[in-house]
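Participant: Chain B: place on chain A using the hints.
2 protein chains.
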Amino acid sequence: MGTTQPEAVPEPKYWHLKTVLSDALDSEFAVGEILPNERDLAARFGVARATLRQALEQLELEGRLQRRRGVGTSVAPPRMGVAVTDAGPNRPGAAGDAWQPIGSAWEAPPAAVARLLETEPGACVHIVRRTRRTRGQIVAAELLYVPARSVPALAAGPAEDSTAVLHELQALPLDGQDRSVELGSAGADEARQLDRLPGSPVLVVTTRYVAAGRTAAVAVATYRADTCKLTFGESTPPAVALAG
Amino acid sequence: MGTTQPEAVPEPKYWHLKTVLSDALDSEFAVGEILPNERDLAARFGVARATLRQALEQLELEGRLQRRRGVGTSVAPPRMGVAVTDAGPNRPGAAGDAWQPIGSAWEAPPAAVARLLETEPGACVHIVRRTRRTRGQIVAAELLYVPARSVPALAAGPAEDSTAVLHELQALPLDGQDRSVELGSAGADEARQLDRLPGSPVLVVTTRYVAAGRTAAVAVATYRADTCKLTFGESTPPAVALAG
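Same order as they appear, the protein sequences are chains A and B.
Residue 1 is where the first sequence starts when you use our numbering, and the numbers rise one by one after that.
Residue 1 is where the second sequence starts when you use our numbering, and the numbers rise one by one after that.
The hints are simulated quantities; they were obtained by calculation from the structure and are not laboratory data.
All figures in this text were calculated on a predicted structure; none of them were measured in a lab.
All C-beta atoms in this analysis are idealised placements derived from N, C-alpha and C, irrespective of residue type, glycine included.
Don't take every hint at face value.
Unchecked claim - One-sided excerpt, in silico: chain B residues whose CB lies under 7 Å from chain A:
(1) ARG179
(2) LEU183
(3) PRO198
(4) GLY213
Claimed, not checked - The following residues of chain A were derived to be distant from chain B, with all beta-carbon distances above 10 Å:
(5) PRO12
(6) ARG39
(7) VAL47
(8) ARG49
(9) THR51
(10) SER74
(11) GLY93
(12) ALA95
(13) TRP106
(14) GLU120
(15) ALA123
(16) CYS124
(17) ALA212
Excised from the complex, chain A in its bound form (with noise of 0.2 Å):
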């Protein structure tokens, strides 16, 4: 149907590796078993250590697999499902919410969130530290961001508690709220919140909170990539994880 094909790219060797590991792990291994060691493992399969860990570590990016220090590779459970849009059902901190607060600041944000809550370079505003649990374990850091005029009430400077910033919150009239989801890494804060090490793959929602036709805030959570699925929509979501 007209579309063009790009020509056909090679194979990488650690490709038919994976597929190979990835049956061997349906037909012999139970979800959190441990894995024999790479240097078995290389040798069960006939292949290189290098090429056995790129084989490991795209399972992993898949949710297949579960690294962790000083307990191994081990067979991962299907990821959960986190419902996104129904973390702040108006706003944040409002009854419901998912998310719990660890902390604040009052400090510069990044130049791409003040863009987007269009105050000046450098200005500070009210940065609440939360996180989000799910089944007794922290899913998504976040870091919500909120400039002095969306909570008039507060002085200027750092806030009493983060409750404080969260209550003030709720007397403004938002409109509504889109957000994007996006790749990222865990910043170091973030990688120990989420008990992952700096680097690994997280999903970055960011959620901007509109209030007469203004950004009145921005939160930007990062989820944990190898254990999460994002679920958003009014029915139940999907049960099962798909990876490519």
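Facilitator: Chain B only, in chain A's frame:
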């Protein structure tokens, strides 16, 4: 506020280099500019090639760099916002659909899709392959799975062409749709369509179309994670890239 903090995680070697490189990209390079080769870069920053490569991979994950075969590593433009909720107004193939059909097949879907469709394992369904273009570039490849019961006017078996399946889908009264977004890796076919290497990170969007309380069709779309961010919601999406 009573959140357990996991013990501090050691910062990997390449982490500091990544930050330094990121600042250099901001201050010294323009979008599209090709970086010096790895040997020169490693020498300039006084690091081993392996460390440099890790930092470059990280910046690619965050959408700051693009690596193309035979071209080299260049500074990436900001990620394109691709509206997911606008992709299929009500149903696949309706007017305004962002997806172009490129072929169809009559095959058994993967087990996970069969479960969503509630078809027998191994039973064949219509599979329509589609791609989505944004600003002239293919940003996503999709497999749309349609069980025979959802298109009763078509004979079971290979459809005459993909448009026939999409056309018959228009007759189906849909109740709604829900979605999940997760990290995946490009399979060989998607990689070819997206002009990426197999195994490249992708964002996998699974859409379930619901009719009469049942799953009427399932679409599994694979978006390039390097150049796209997915947008959701009513207002104009955030205009800037925000990576971990």
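Participant: For THR51(A), which was marked as not at the interface, is the minimum beta-carbon distance to chain B over 10 Å?
Facilitator: Correct as stated: the minimum Cβ-Cβ distance to chain B is 12 Å, above 10 Å.
Participant: Does ALA212(A) really sit off the interface, with its C-beta more than 10 Å from all C-beta atoms of chain B?
Facilitator: holds (12 Å)
Participant: Does PRO198(B) pass the interface hint, meaning its C-beta sits closer than 7 Å to a C-beta of chain A?
Facilitator: holds (5 Å)
Participant: Quick check on the hint: LEU183(B) CB to chain A CB, less than 7 Å?
Facilitator: holds (4 Å)
Participant: Closest CB-CB distance from SER74(A) to chain B, is it above 10 Å?
Facilitator: holds (18 Å)
Participant: Checking the smallest CB distance to chain B, is ALA123(A) really beyond 10 Å?
Facilitator: holds (17 Å)
Participant: Run the C-beta distances from VAL47(A) to all of chain B and say if the shortest one exceeds 10 Å.
Facilitator: holds (15 Å)
Participant: Does the no-contact call for TRP106(A) survive, Cβ to all of chain B over 10 Å?
Facilitator: holds (18 Å)
Participant: Is it correct that the beta-carbon of CYS124(A) has no partner in chain B closer than or equal to 10 Å?
Facilitator: For CYS124(A), whose nearest Cβ neighbour in chain B is about 19 Å away, the distance exceeds 10 Å, so it holds.
Participant: Quick check for students: does the CB of GLU120(A) sit more than 10 Å from each CB in chain B?
Facilitator: Fine: 16 Å to the nearest Cβ keeps GLU120(A) off the interface.
Participant: Does ALA95(A) sit more than 10 Å from chain B, CB to CB?
Facilitator: holds (18 Å)
Participant: Non-interface claim for GLY93(A): all C-beta distances to chain B beyond 10 Å?
Facilitator: holds (13 Å)
When held up to the earlier numbered hints, the structure conflicts with 4 and 5 and fits the remainder.
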